[in-house]
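Student: Letter by letter, the chains look like this.
Protein chains: 2
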Amino acid sequence: MLDFTPVATTIVDKLAAIVGKENVSTGESELDLHSHDQSFHEPHRAEVIVWANNAQEVADVLKLAHNKHIPVTPWGVGSSLEGNPIPIHGGILLSLRNMNHVIDVHADDFQVTVQPGKPYKDMNKDLSKHGLFFPPDPGANATIGGMLANNAAGIRTVKYGASKDNVLALQVALADGRLIRTGSRSIKQSAGYNLTQVFVGSEGTLGIITEATLKLSPVPEYSSTMIAAFETVEVAIEAVVLIKGSGVDVAALEFLDTPASQTLASRGLDIEPSPTLLMEVHNAHAESQEADVATVREICDELDAASFIAIVDHTQAQAIWHARHQAYETLIRAFPDMKFHVMDVAVPLSKYPEIVAFARQEIANAGTMAFLIGHAGDGNIHVTIPWKDADSLAKVKAMNSAIVHKALALDGTATGEHGVGIGKAPYMPDEHGTGLDVMRQLKNMLDPHGILNPGKIFPAD
Amino acid sequence: MLDFTPVATTIVDKLAAIVGKENVSTGESELDLHSHDQSFHEPHRAEVIVWANNAQEVADVLKLAHNKHIPVTPWGVGSSLEGNPIPIHGGILLSLRNMNHVIDVHADDFQVTVQPGKPYKDMNKDLSKHGLFFPPDPGANATIGGMLANNAAGIRTVKYGASKDNVLALQVALADGRLIRTGSRSIKQSAGYNLTQVFVGSEGTLGIITEATLKLSPVPEYSSTMIAAFETVEVAIEAVVLIKGSGVDVAALEFLDTPASQTLASRGLDIEPSPTLLMEVHNAHAESQEADVATVREICDELDAASFIAIVDHTQAQAIWHARHQAYETLIRAFPDMKFHVMDVAVPLSKYPEIVAFARQEIANAGTMAFLIGHAGDGNIHVTIPWKDADSLAKVKAMNSAIVHKALALDGTATGEHGVGIGKAPYMPDEHGTGLDVMRQLKNMLDPHGILNPGKIFPAD
Numbered sequence: 001m002l003d004f005t006p007v008a009t010t011i012v013d014k015l016a017a018i019v020g021k022e023n024v025s026t027g028e029s030e031l032d033l034h035s036h037d038q039s040f041h042e043p044h045r046a047e048v049i050v051w052a053n054n055a056q057e058v059a060d061v062l063k064l065a066h067n068k069h070i071p072v073t074p075w076g077v078g079s080s081l082e083g084n085p086i087p088i089h090g091g092i093l094l095s096l097r098n099m100n101h102v103i104d105v106h107a108d109d110f111q112v113t114v115q116p117g118k119p120y121k122d123m124n125k126d127l128s129k130h131g132l133f134f135p136p137d138p139g140a141n142a143t144i145g146g147m148l149a150n151n152a153a154g155i156r157t158v159k160y161g162a163s164k165d166n167v168l169a170l171q172v173a174l175a176d177g178r179l180i181r182t183g184s185r186s187i188k189q190s191a192g193y194n195l196t197q198v199f200v201g202s203e204g205t206l207g208i209i210t211e212a213t214l215k216l217s218p219v220p221e222y223s224s225t226m227i228a229a230f231e232t233v234e235v236a237i238e239a240v241v242l243i244k245g246s247g248v249d250v251a252a253l254e255f256l257d258t259p260a261s262q263t264l265a266s267r268g269l270d271i272e273p274s275p276t277l278l279m280e281v282h283n284a285h286a287e288s289q290e291a292d293v294a295t296v297r298e299i300c301d302e303l304d305a306a307s308f309i310a311i312v313d314h315t316q317a318q319a320i321w322h323a324r325h326q327a328y329e330t331l332i333r334a335f336p337d338m339k340f341h342v343m344d345v346a347v348p349l350s351k352y353p354e355i356v357a358f359a360r361q362e363i364a365n366a367g368t369m370a371f372l373i374g375h376a377g378d379g380n381i382h383v384t385i386p387w388k389d390a391d392s393l394a395k396v397k398a399m400n401s402a403i404v405h406k407a408l409a410l411d412g413t414a415t416g417e418h419g420v421g422i423g424k425a426p427y428m429p430d431e432h433g434t435g436l437d438v439m440r441q442l443k444n445m446l447d448p449h450g451i452l453n454p455g456k457i458f459p460a461d
Numbered sequence: 001m002l003d004f005t006p007v008a009t010t011i012v013d014k015l016a017a018i019v020g021k022e023n024v025s026t027g028e029s030e031l032d033l034h035s036h037d038q039s040f041h042e043p044h045r046a047e048v049i050v051w052a053n054n055a056q057e058v059a060d061v062l063k064l065a066h067n068k069h070i071p072v073t074p075w076g077v078g079s080s081l082e083g084n085p086i087p088i089h090g091g092i093l094l095s096l097r098n099m100n101h102v103i104d105v106h107a108d109d110f111q112v113t114v115q116p117g118k119p120y121k122d123m124n125k126d127l128s129k130h131g132l133f134f135p136p137d138p139g140a141n142a143t144i145g146g147m148l149a150n151n152a153a154g155i156r157t158v159k160y161g162a163s164k165d166n167v168l169a170l171q172v173a174l175a176d177g178r179l180i181r182t183g184s185r186s187i188k189q190s191a192g193y194n195l196t197q198v199f200v201g202s203e204g205t206l207g208i209i210t211e212a213t214l215k216l217s218p219v220p221e222y223s224s225t226m227i228a229a230f231e232t233v234e235v236a237i238e239a240v241v242l243i244k245g246s247g248v249d250v251a252a253l254e255f256l257d258t259p260a261s262q263t264l265a266s267r268g269l270d271i272e273p274s275p276t277l278l279m280e281v282h283n284a285h286a287e288s289q290e291a292d293v294a295t296v297r298e299i300c301d302e303l304d305a306a307s308f309i310a311i312v313d314h315t316q317a318q319a320i321w322h323a324r325h326q327a328y329e330t331l332i333r334a335f336p337d338m339k340f341h342v343m344d345v346a347v348p349l350s351k352y353p354e355i356v357a358f359a360r361q362e363i364a365n366a367g368t369m370a371f372l373i374g375h376a377g378d379g380n381i382h383v384t385i386p387w388k389d390a391d392s393l394a395k396v397k398a399m400n401s402a403i404v405h406k407a408l409a410l411d412g413t414a415t416g417e418h419g420v421g422i423g424k425a426p427y428m429p430d431e432h433g434t435g436l437d438v439m440r441q442l443k444n445m446l447d448p449h450g451i452l453n454p455g456k457i458f459p460a461d
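From first to last, the protein sequence lines stand for chains A and B. Mapping to our numbering: the first sequence position 95 is 95, numbers consecutive. Mapping to our numbering: the second sequence position 77 is 77, numbers consecutive.
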């Protein structure tokens with residue numbers, strides 16, 4: 001049972017002494033702004049908002065909180081989808097907003113060293129003059145710290161990997177106020193335990209990332225976007241498996257079902273309202289681009305795709321991917337009186353047809369509206385279901401539970417990219433078995449008073 | 001200070017009760033066979049050799065050893081290069097040799113589930129009928145368990161990653177006898193702490209891997225090997241940096257200095273005795289293969305390479321890579337009265353010219369023979385120096401220390417792929433700073449009696 005100390009005025013004064021008076025607030029509007037993320041999870045206020053300016057301040061705030069038994073929840077921009085940064089036990093909300101600088105661009109090494117509060121789209125804009133980019137793209141303009149803490153992934157993960165695959169070194173502030181460095185700028189590292197990966201994906205429950213050195217990729221010389229429409233979901237999914245097996249190293253392989261494509265079409269995206277694949281290939285040469293597009297086209301033709309178009313015009317392609325990235329926001333705007341529950345189970349690719357069929361059956365049984373949007377190339381599917389009251393939310397939660405358990409039965413995971421946060425915590429015992437005990441040991445080792453983002457990842461006792 | 005219990009006859013009987021009498025030996029020849037790896041480190045005998053047959057037996061042996069405070073050192077085939085499996089505190093040598101089965105090939109998912117004692121070359125032979133392979137290739141026919149425990153890497157890591165980048169799930173026996181599973185078969189995983197990466201690279205000091213699910217890659221449709229010879233080391237290294245920056249996704253980018261190429265040439269490899277790059281590209285289409293080779297050739301031409309040849313004949317290419325893989329054995333045979341000290345520092349690519357120049361200067365200052373062989377595309381260099389007596393070994397160790405500290409000063413690492421074992425342990429405080437304290441905490445958490453592969457990774461107190 002967690003037992004925390006309320007944030008008294010004396011604590012607020014101590015915090016102000018660390019970060020400066022202007023970087024501490026107990027104002028209601030600030031507390032409200034930092035009480036919710038993009039998910040359906042119930043908002044909860046912290047007791048005080050603190051904006052740290054550097055790694056030492058983060059460490060000093062943690063040391064104080066550790067000694068006084070006060071919760072600390074780190075905050076990027078609140079773009080997460082599973083309640084990950086909601087300060088459900090109150091205490092200190094530690095915003096990394098002011099730590100938003102690119103420290104060093106190592107262009108010749110395809111690396112950047114950056115502070116955690118930097119939004120990744122802004123960083124990629126800065127990096128474009130070097131012809132480089134950080135490839136994981138969750139869609140929303142998440143911060144680097146948030147992306148690493150949640151091991152965020154996205155549309156281009158199928159080629160470039162998730163956040164965890166694109167990080168070399170970290171600086172981390174521990175609960176007790178120690179500042180450590182993990183990893184190095186060497187691509188190859190076999191020097192002891194992989195502490196970098198202990199903190200990546202730990203959702204701020206083991207330490208707070210205060211600096212990161214990331215692997216970058218060259219902006220591809222050639223890029224081609226493809227859209228294929230199919231008669232049925234089954235055939236579209238068959239195409240996914242064949243394209244992945246063809247040896248073409250697709251840079252994006254996204255699936256939309258008819259309701260999802262319909263909604264995007266109604267908002268200006270020029271696609272058919274049918275099961276659709278959005279694809280991209282990145283190439284170093286025009287010849288390989290043409291060969292890749294030809295292979296994908298051939299597979300789609302053989303499966304009698306209703307349509308197939310390849311787009312090389314950059315502006316037109318960008319508009320398509322912008323629309324895909326905005327899919328969630330588009331749904332929200334299309335159904336202004338509804339809230340949305342987004343699942344992100346992931347399974348081995350060969351099981352993708354089965355999880356999609358299962359989700360469709362659940363949706364049919366429940367008689368609910370639903371949108372299937374998936375990073376199909378990774379076996380990741382977002383079952384997105386609108387709800388508006390306690391009854392419909394209960395129904396969605398039951399479907400969520402059934403779909404998560406099906407994914408686990410298929411050797412998959414409850415969460416491919418959104419992290420555990422609040423909503424997936426109940427499934428962790430089933431996903432990890434006795435491995436969860438080791439995770440608890442790790443948590444107790446690094447955060448003995450349980451101050452770091454309490455209430456996340458582990459189910460309540 | 002470690003305090004262990006000697007292995008009494010009663011313990012040998014208990015071990016026999018777990019694994020069967022025929023799987024326990026205290027015979028001198030077995031103790032000798034398991035007393036050394038491929039490195040120069042001094043051999044040391046265990047007190048008893050145990051061959052486990054399944055995960056539960058591994059767990060039961062650990063539980064016994066944990067309760068009785070007896071060291072346990074896991075053993076694959078002893079192909080490591082840093083003393084990693086030498087049982088320097090005696091106790092139990094736990095061989096995984098009998099656990100050498102492929103459990104399941106998930107061909108459609110490009111995955112295999114395998115036992116730790118399976119040698120990777122044998123596994124890749126089994127997988128070839130599925131058109132798949134496990135890409136990290138350290139050269140020697142290491143076991144999967146050994147590769148994962150040391151985070152081994154090799155010639156094709158520049159494209160496909162190290163062992164750590166090609167593993168999805170593990171079963172691990174913990175010191176106290178618990179058996180846990182980590183990860184899942186989903187490519188995307190954001191469900192809590194990354195325990196898989198806690199154990200990968202931990203050199204058997206945190207737990208013993210009893211099963212692994214690995215990512216595989218399709219055997220490339222097109223493959224081309226290239227050999228370029230240069231006038232000077234500096235120009236060869238310049239070519240490495242340009243080729244890496246060109247966007248060509250090389251599958252191998254290896255550097256040999258003149259002494260190294262000379263030795264390989266004298267043993268039948270048809271190359272010039274000069275600074276040489278051995279390269280490979282893997283492609284899905286003939287068109288992209290041609291374009292990649294053309295780009296590499298152009299860079300080498302612009303740098304006035306003394307020669308450039310591209311080889312598409314599979315047998316001829318295999319002979320070249322076989323010779324490269326055998327380089328270490330070739331050196332040993334070429335200098336039968338010498339032993340060899342192999343370094344494996346790695347640095348960011350932009351610092352590669354600097355570390356190579358530094359190593360050459362050290363070699364010149366010492367007036368010693370030396371061979372530079374490197375996974376240049378990864379910034380990894382093997383400085384290989386023969387020695388034959390205490391005096392020359394002391395000289396080599398001093399050079400090793402200087403080169404490691406230079407690599408650290410260049411934001412690199414003491415070890416890119418051989419692991420810490422015995423030889424790199426003294427450098428861990430300099431490489432990790434206070435991060436090493438967290439590694440010690442992790443060690444104490446999972447192995448409170450310090451029985452697992454004691455004397456490795458951490459410098460002696």
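Bear in mind the hints are in silico, worked out from the structure with no lab data behind them. A few of these clues could be false.
The list treats identical chains as interchangeable, and a pair is accepted whether it falls inside one copy or across any two copies.
Derived DSSO-like pairs (lysine-lysine); straight-line CA-CA distance at most 30 angstroms [stated by the list, open to error]:
hint, residue 1, residue 2
1, 406, 21
2, 21, 159
3, 63, 21
4, 395, 339
5, 215, 406
6, 125, 159
7, 159, 406
8, 63, 129
9, 159, 215
10, 395, 68
11, 388, 125
12, 125, 215
13, 339, 388
14, 159, 129
15, 159, 121
16, 129, 68
17, 339, 21
18, 159, 397
19, 63, 395
20, 63, 159
21, 395, 21
22, 68, 14
23, 159, 68
Student: Give the relationship of residue 63 and residue 159 under a CA distance limit of 30 angstroms: within one copy only, between copies only, both, or neither.
Tutor: neither (40 angstroms within a copy, 42 angstroms between copies)
Student: Between copies, within a copy, both or neither: which fits residue 159 and residue 215 at Cα up to 30 angstroms?
Tutor: The answer is both: 14 angstroms in one copy and 14 angstroms across copies each meet 30 angstroms.
Student: Should residue 159 paired with residue 129 be assigned to within, between, both, or neither, using CA atoms and 30 angstroms as the limit?
Tutor: both (22 angstroms within a copy, 25 angstroms between copies)
Student: How would you classify residue 388 and residue 125 at a CA-CA limit of 30 angstroms: within, between, both, or neither?
Tutor: neither (38 angstroms within a copy, 56 angstroms between copies)
Student: Can you tell me if residue 159 and residue 68 fall within 30 angstroms by alpha carbon in one copy, between copies, both or neither?
Tutor: neither (45 angstroms within a copy, 49 angstroms between copies)
Student: Is it within a copy, between copies, both, or neither that the alpha carbon of residue 63 lies no farther than 30 angstroms from that of residue 129?
Tutor: Intra 40 angstroms, inter 57 angstroms, cutoff 30 angstroms: neither.
Student: When no copy is specified for residue 159 and residue 397, does a C-alpha distance of 30 angstroms or less occur within a copy, between copies, both, or neither?
Tutor: neither (32 angstroms within a copy, 42 angstroms between copies)
Student: Since the copies are identical, ignore which copy is meant and state whether residue 21 and residue 159 lie within 30 angstroms (CA to CA) inside a copy, between copies, both or neither.
Tutor: neither (46 angstroms within a copy, 50 angstroms between copies)
Student: How do residue 68 and residue 14 come out at 30 angstroms by Cα distance, when the copy is not named: within, between, both, or neither?
Tutor: within (11 angstroms within a copy, 49 angstroms between copies)
Student: When Cα atoms must be at most 30 angstroms apart, do residue 395 and residue 68 count as within-copy, between-copy, both, or neither?
Tutor: Answer is neither: 41 angstroms inside a copy and 53 angstroms across each miss the 30 angstroms cutoff.
Student: Up to 30 angstroms between alpha-carbons, please classify residue 339 paired with residue 388: within, between, both or neither.
Tutor: Answer is within: at 6 angstroms inside a copy they meet the 30 angstroms cutoff, but 74 angstroms across does not.
Student: Within a copy, between copies, both or neither: which one fits residue 125 and residue 159 at a CA-CA cutoff of 30 angstroms?
Tutor: both (21 angstroms within a copy, 26 angstroms between copies)
Violated hints for the displayed structure, listed by number in ascending order: 1, 2, 8, 10, 11, 16, 17, 18, 19, 20, 21, 23.
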